[in-house]
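A.B. asks: Please model the entire structure based on the sequences and the hints provided.
Below, each chain spelled out in residue letters.
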Amino acid sequence: MITALHLVLLGWWRDRRLRLLLLSCLIALIVAAAYAVQTANSQTQAFQKAAQEARQQWLARGDQNPHSMAHFGDFLFRPPSALIALDPGIQARLGSVIYIEGHTQNVPQFAPITQNGTLSRFPALHPAFLLQTLVPLLMMIIGGTAIMADKSEERIQFCLALGTSTTSWVLGYFTAIFLLGGVCLLVVLLTTLTSYAMLSSSNTFPLSGTLWFFGLYCLFLAVIAAVTTIVAVICRRAQKALMTLLAIWLSATFILPQMSASIIAFYIPLPDQYSFNAQMQQDRQAGPDGHQPEHELVEAKKQAILAEYGVSKVEDLPFNFDGLVMQLDETFGNQVWDKHFGDLSLRFRQQVWLSSLSALLNPFQALHGLSMALAGSELVHDIAFQQQAEIHRRTWVEQLNHEHAYGGSRTGDWDWQANAQFYQNMKTFRFQPPPISALLDVYWPALLALLGWLLLTLWLMTATSARLAIGDRE
Amino acid sequence: MILLALRHRLREVSRQTSAVVSLALLLAAGLWTIWLGHARVEVWQQVVTAPSDTPAQAQQIMEWLMEGKKGPEDRPWVDVTQVFWLERSLPAEHRWIPNALAPLAASSMTSMPVINRLTTASQPHMTQSFRIANPMLDTFFPDVTLVFTWIVPLVIFVLGVGVFTLEKEQRLDTLITFSASPRAWYVWSMSVPAGLVWAVVMLLCGGACIAFSASIDESLVLVLSMSFYVLLWTALVLLINIMTASIRSASLGFCLLWITMVILLPSALAEYRLSLSVSDYGMEETLGAREHLYATREAGVDSWLPTLLAQYPASKIAHDNVRVLPSQLPRVGINALTFSQTKQQHYNHLLHHAETQALVDGLSLLAPNVALTLIMERLAGTGTEALLDYQQRSVEQIHARVDWSLAKVWRDLPLTTEDANELLALAPAPYQWQPRGFTPSLLVLMLWTIGVWTLVAWVLSRRAGV
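Protein sequences appear in the order of chains D and W.
Numbering that gives the first Met the number 0 puts the first residue of the first sequence at 0, with every later residue one more than the last.
Numbering that gives the first Met the number 0 puts the first residue of the second sequence at 0, with every later residue one more than the last.
Careful: at least some of the hints might be erroneous.
Just so you have them, the derived chain W footprint on chain D, three or more residues with Cβ under 8 Å [unchecked claim]: (1) 45-57; (2) 113-119; (3) 159-171.
If you're looking for bench data, these hints aren't it; they were derived computationally from the structure.
Ideal placement from N, C-alpha and C gives every residue a C-beta, glycine not left out.
C.D. replies: Take a look at the structure:
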């Protein structure tokens, strides 16, 4: 095997065109990796700056009426994950900022892709994109053509005649093709680590995450190397081998993901935004409105409170009844939101799970999902952000309503102001990425699929190795 | 000679299973993406043609005004005889009707609001898209533009990879070199795969134009641009075949070219553009607008009135004719000033888009697939250009409502059905993108095609002479 590996690598090294192709690819990878770290770094800085500005605006309000502050609102940010430089995934399509306010739940805003116009159609040139699409293509073309050239020139037959086995030759080819991808992967990781050390102000790069990333991509590259070897060993004509490899690449990177996405979207459809909003609004209108004291639920609450305190009108209560009405409004609004958004996020999760299941057919899709999950740039993280933001919003509004009710004002006194200290002491939002178990819940089929693909292709490779002896007969 | 070349190539192509399968796949992918695009546009169509509650709302308000009522009984603070409440209670719906060829670039519909409910407080640039999309699936949404720009070059290559190299392998090249017109042999030989791909593409284009009732002009632009694109990649494949000695080298050369032109160049620019747009999360203007709104609300009328009069000259004239400021001025005036901020934000977006567009236009000179994408997006009316144009029209409509509100405020009289009718008459007609701006991209495609074919002719003349 070592002899075969040595001969294959030597053959590649002597080919000037291959050297040029490999060099161009490595340069593209280095540039993309360094640039991705720089982008991630500026993202982190932008996040810190924006969060700081929003916080300053909040604090600068000083003494204010709590309900006025609920309308003023606050911004919650999802910081970019440390591994986002390796795989930004769909982060550009998701907003990282949620505006929170009283009475209303909002969705993330300011997705960078909305500002890109025509360019949003094209995939961004980041390390994961290159490692998932271009490096496999490179491995297929260089590896496939090398095996076919050796077959057509009957070099293999000559070596086999000297006593080496076909299995060791096949393993040699496999290792050489895998090493080709491995070099690209190492270059990406080393460039990322170096750029991170040079550019980032943070000293802690998540090494364990990087190692997982490395392991995952090694599995994937091994599958690609095995597939390339199998096709080149089986095919008799160079043109047929190339076309087959090209067809596999095109199907796996382009056709299958799009087909499965279309099927999943058809099978689990999502409502259109307007009917979703209309239904929510309809349900919401059935409940109390904090600014509409005549509602029956508000009236019932009022009567109960008046009876409890033994007074005849809300103005005589020792606290501000308006704050309680606002909280009634919130509680009802939360129930409506939970119903509609819960259903929607369930559909999202089902879609992601099915997408992960479709990885059984396609190792490219398996890696795609796992890589994004590892980098924290996919939908499960986004849903977690929205859920955590909503939990924070509810506590935030409840605190404001509580202050409104029991802070010292009386019913109808809208000019009363809580002091600035109260607003300063309100808890700030910190996003906690979902635990690995939550990710595994969704992505275990993808992980299993990748391992399964590796075992299957390795077995097929050894099973078909005998065909290497059959040269190019045409 | 020509007949010989054609017959020889046709026989070669028909023998290749991969060639036949590729053509069938191209046809299938085209039909499938047309269907997918159509399904997405149908949702759009359903949304914009869905019955609206606005006429019933208007009817209700008219009744209140005629009966001398101020508004709903359960909301005593609403008073439709006042400008602020009437304007808020009678929003106008600005609907965006899809273009005939919208299905061709359906994946550009990433963030598309298609109904704007217009009041003086609306922010058209913040309206939500008509679709709730799962971005993990949306990333992979295929459309006809993608099939044409990515797949067509690959199919031309699969069908035409043997031209010249195959002749060499079959030892036909010596015969061809000594024939009367060797250049014609190769060109006509390549015309078979090109013609087959062109026929499939035209079938798809023609089918789409007829099925979606596209205008003659739109159909012509589509046919012309696709013909140039097929011709261009035919020339590129021929050039690679001539310049390489084996199928292996031709494959390597083509892959390198395809990856660079179709993937790397646009992707590199997309990454660059993304890195620019993450600079401030779009927060600066949002935080600034909120700060401005609250500062205006908390300040007295005297502090912001000069700004209002400067921004709305009609108000200046009205102001000079009154002795006491109208009681409704604070609410409506603050709305008008907030709208000025919204307008400014919209213009900032237009400027930002103009910068991005300049980058894309520059890139289309290097990558013809970007030029074709631009043509398709402009034909379909689903790109950012169309979106900003729609938002611009909405902003203009809001401006008209702001002017109406200010005029009524300065008059300082309770509003009547006549005023409500006046406001209803401001409702905009549905918007539809007028396809335009094809000439630069078509020119780019044409120049590329002529340039590469000239290069092919030059290289062939040098090779044929050897």
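A.B. asks: None of the hints should be skipped; say for each whether it holds.
C.D. replies: Structure-based check of each hint:
1. For the region 45-57 of chain D, the stated coverage by chain W is satisfied: 7 residues place a CB nearer than 8 Å to a CB of that chain, which reaches the threshold of 3.
2. Beta-carbon proximity to chain W at under 8 Å applies to 7 residues in the region 113-119 of chain D; the threshold of 3 is reached and the given coverage holds.
3. Taking a C-beta to C-beta cut-off of 8 Å, the region 159-171 of chain D contributes 0 residues in contact with chain W, too few for the three needed, and the coverage statement is violated.
When the structure is compared with the earlier hints, a violation turns up for hint 3 alone.
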